[in-house]
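Those protein sequence lines, which keep their order, are chains H and P.
In this text, residue positions in the first sequence follow our numbering: the first is 1, and each later residue adds one.
In this text, residue positions in the second sequence follow our numbering: the first is 1, and each later residue adds one.
Treat the hints with care, as some may be off.
Covered by chain P, according to a simulated footprint, are these stretches of chain H (three or more residues, beta-carbon under 8 Å) [claimed, not checked]:
hint : segment
1    : 21-28
2    : 189-200
3    : 204-212
Keep in mind the hints are simulated off the structure, nothing from the lab.
By construction, the Cβ of each residue, glycine as well, lies at the ideal position given by its N, Cα and C atoms.
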Amino acid sequence: MTATETQPSRATRGVNLKVLGPILALVVLVIVGAALNGNFLSAANITNVLSRSAFIGIIAVGMTFVITAGGLDLSVGSMAAFIAGLMILVMNAMLPVMGPGWPLVFVGMLTAMVAGTLAGFVNGFLITTMRIEAFIVTLGTMGIYRSLVTWLADGGTLSLDFGMRSVIRPIYFDGILGISWPIIVFALVAISGELVMRRAAFGRHAAAVGSNDQVARYSSVNVNRVRMLTYVFLGILVGVATIMYVPRLGSASPSTGVLWELEAIAAVIIGGTMLKGGFGRVWGTVIGVLILSLIDNILNLTDGVSPYLNGAIQGVIIILAVILQRDKKAES
Amino acid sequence: MSETRALTLVDVCRSFGPVQVLHDISLTLRPGEVHALIGENGAGKSTAMKIMSGYLEPTKGQVKLDDAPVRFASSQEAEAQGVVLIHQEFNLADQLSVEQNIFLGHEKRRGLFLDKGWMQAETRRLLDRLNCKVSPTARVRDISNADKQMVEIAKALSRRAQVLIMDEPTAVLTEREAEVLFEQVERLKAEGVAILFTSHKLDEVKRISDRITVLRDGHVVAQGMTSEFNEDQMAEAMVGRDVSSLYPVRSVAVGDEPALEVTGLNVPGYARDISFTLRKGEILGISGLIGSGRTEAMEGLTGLRTAQGDVRINGKPVTLRSPQQAQAAGLCYLTEDRKGRGLLLQKGMRENLTLQALPEFTNWLIDHKAEDAALTRAIADFDIRCPTREVLVGNLSGGNQQKLLIAKIMLTEPDIVIIDEPTRGIDIGTKQQIYEFIHALSAAGKSIIVVSSEMQEVIGLADRVLVMRLGTIAGEVSGDDMTEDKIVRLAMGLGATRQEAI
């Protein structure tokens with residue numbers, strides 16, 4: 001880790017390090033992991049790490065747009081839990097009518113997508129049209145969704161019908177050419193996110209709105225529409241993540257998705273997106289997600305450091321990333 | 001008040017980068033005297049006041065306090081010596097009480113705790129001295145603008161101000177509120193405080209000042225007792241200069257067809273009943289004092305503010321509720337606030353240039369090659385001088401930012417362009433270039449509205465000038481009637497003509 005920490009202060013050309021910083025950190029982590037445990041680079045472990053990162057990763061790509069446009073969404077973790085609960089309830093309810101099978105899975109998927117879109121729309125509506133601070137709105141909806149899922153589960157666990165579980169399992173555990181579906185979906189979401197951020201008018205507009213919404217408004221950008229869309233996209237991606245998540249355990253409980261929002265935000269920040277908006281990069285977010293899950297994985301695989309220190313190490317990484325961002329800004 | 005002090009500027013010069021904004025300014029603020037500093041926008045008044053009060057240091061020359069040279073390292077140091085500047089924008093914390101504001105950063109303590117009793121009593125005493133009835137415990141956001149101005153003055157007095165500098169204190173006040181302020185100014189004057197203030201309202205200047213200094217382009221062009229000037233002479237001194245060569249000769253004939261017809265435009269709170277016609281290829285000037293509603297009227301017209309009214313473009317009625325609709329109708333507004341509303345200072349030139357016309361560069365994905373080509377063309381067409389193409393726009397000079405902003409607007413290919421303050425804070429060489437661009441646009445068939453507080457600018461550029469005052473159009477001048485004298489008189493509500501011939 002020391003290599004990545006000390007180099008920025010010596011570097012005079014900020015641009016290179018701005019790009020290389022997160023990549024270097026990831027490379028160092030991979031080297032450290034491989035050195036500590038022979039199994040680290042095994043296909044099974046890599047698949048495991050990537051599949052588990054996919055949920056947060058898919059959400060974090062959406063979060064990148066929200067933060068780039070100057071917003072924030074604290075509700076995604078509870079939203080995921082609520083959507084998971086809803087998806088399970090709908091599938092269980094429709095089971096007697098449709099019977100176990102793929103049509104029912106599609107109904108569940110549709111439920112998740114619609115619920116995600118609506119939840120994103122509600123956040124966006126309150127923030128843009130009603131002009132309430134994003135922090136407050138999403139703090140509120142975070143509590144609402146968390147409470148709703150607890151209520152739906154009556155404090156316990158919502159479980160998918162046992163017969164359905166075996167039908168839906170492949171969504172998490174199968175894949176193409178040995179690559180599991182969550183990894184494929186995460187890769188697709190990340191690639192299209194990067195393309196939109198870098199090459200589409202929407203990405204440019206989001207950065208403009210986050211940089212200075214007045215300039216955007218005076219430049220004929222529909223500021224409210226751009227903001228609204230970032231929240232709706234995030235909601236849809238939360239729906240997608242939930243579709244990947246439900247097959248894994250086949251259940252949802254009040255503890256589902258706890259702290260996902262903070263992990264997603266942390267990944268975005270580690271990746272070099274500015275928390276106050278105006279600049280974002282999706283590939284950085286992907287690296288941020290990988291860094292966070294690798295730390296977790298390495299601590300689990302090695303005996304030297306207690307896995308209970310995971311949170312502390314992640315905290316240090318987040319703070320370091322922000323310090324590096326500040327250095328870069330002073331240089332430019 | 002036994003302690004009194006006089007503040008003197010001796011041959012003060014000040015430059016910002018290569019641009020010199022003050023040239024050998026000398027003036028003295030005497031105890032018990034009200035000194036008015038007047039001049040057009042951009043004449044250097046604010047810079048002079050900032051030098052007096054320690055916010056800026058002179059590049060050359062001296063600041064003297066009671067004949068001894070002083071060098072204020074900061075505004076706090078100037079305040080410690082009794083020199084206080086009251087900003088045009090109130091510098092008060094809205095959520096705090098009057099008393100908390102007055103003692104902010106200078107709280108009186110008794111042991112570990114604040115001595116609230118003493119501070120409230122002292123606040124009461126200071127406000128009484130100003131004959132101000134506001135309660136020391138009232139929250140600042142709940143009191144009127146006039147009371148806020150009094151709180152600012154009380155705050156200055158609590159710092160034992162002997163030299164009080166006020167930047168347009170009446171700009172935000174109603175006439176009655178201004179009246180109250182003047183009474184208190186008289187009172188302070190009687191107590192031996194040296195006072196300097198700026199104002200665009202010449203009747204005020206005439207009424208309450210004892211001495212006048214007129215600035216023009218950073219030079220002192222007139223100085224003397226107020227009794228030696230009448231308002232017309234003040235206005236003449238402020239604007240009278242020959243810059244005929246600054247403006248290109250108008251070479252194209254204006255068409256007869258109307259490009260834009262506005263009837264009964266109301267912008268609630270800012271402008272009412274604005275009606276005018278802009279002809280094809282015409283350059284129409286809109287003049288008036290800051291705060292006369294010029295900018296707001298134009299923003300209302302282009303959908304940036306809520307407005308009602310009848311607008312026709314090329315004879316067809318249009319509805320412009322958003323800047324997007326205005327742009328689609330071929331009407332673009334170029335803001336006066338290039339740093340706050342015009343350009344993304346943290347972004348590069350390419351992203352700024354194409355932001356407004358991005359759909360033109362997008363076919364599913366943004367065409368970076370086309371963007372680069374557009375930037376190359378803009379740099380050549382508008383002579384934008386930049387160290388590299390990748391430079392952040394915030395690091396460009398004001399003049400080059402303005403050129404980039406014009407290039408950005410022109411990419412949307414509007415038929416009608418409204419340019420608000422085309423040359424604010426820009427050196428004279430770049431000004432001339434921008435005037436040439438505006439003429440070239442008009443020659444290319446665009447219809448243009450130029451909004452400006454610089455009288456010279458609208459006269460030099462425009463075929464016809466509308467003068468706004470207090471949210472309405474006070475009059476129109478064209479041809480030989482387009483003189484600063486006439487415009488100033490309309491803008492200040494003095495009536496269209498003077499008694500004697502010009």
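Here is what the structure says about each hint:
1. Chain P is given as covering the segment 21-28 of chain H, and this is violated because 0 residues of the stretch bring a CB closer than 8 Å to a CB of that chain, at least three being needed.
2. Only residues whose C-beta sits within less than 8 Å of a C-beta in chain P count toward coverage, and the segment 189-200 of chain H has 3 of them, enough to reach three; the restraint holds.
3. Remark: the segment 204-212 of chain H is confirmed as covered by chain P, as 6 of its residues place a Cβ nearer than 8 Å to a Cβ of that chain, reaching the required three.
Hint compliance for this structure: hint 1 is the single one not met.
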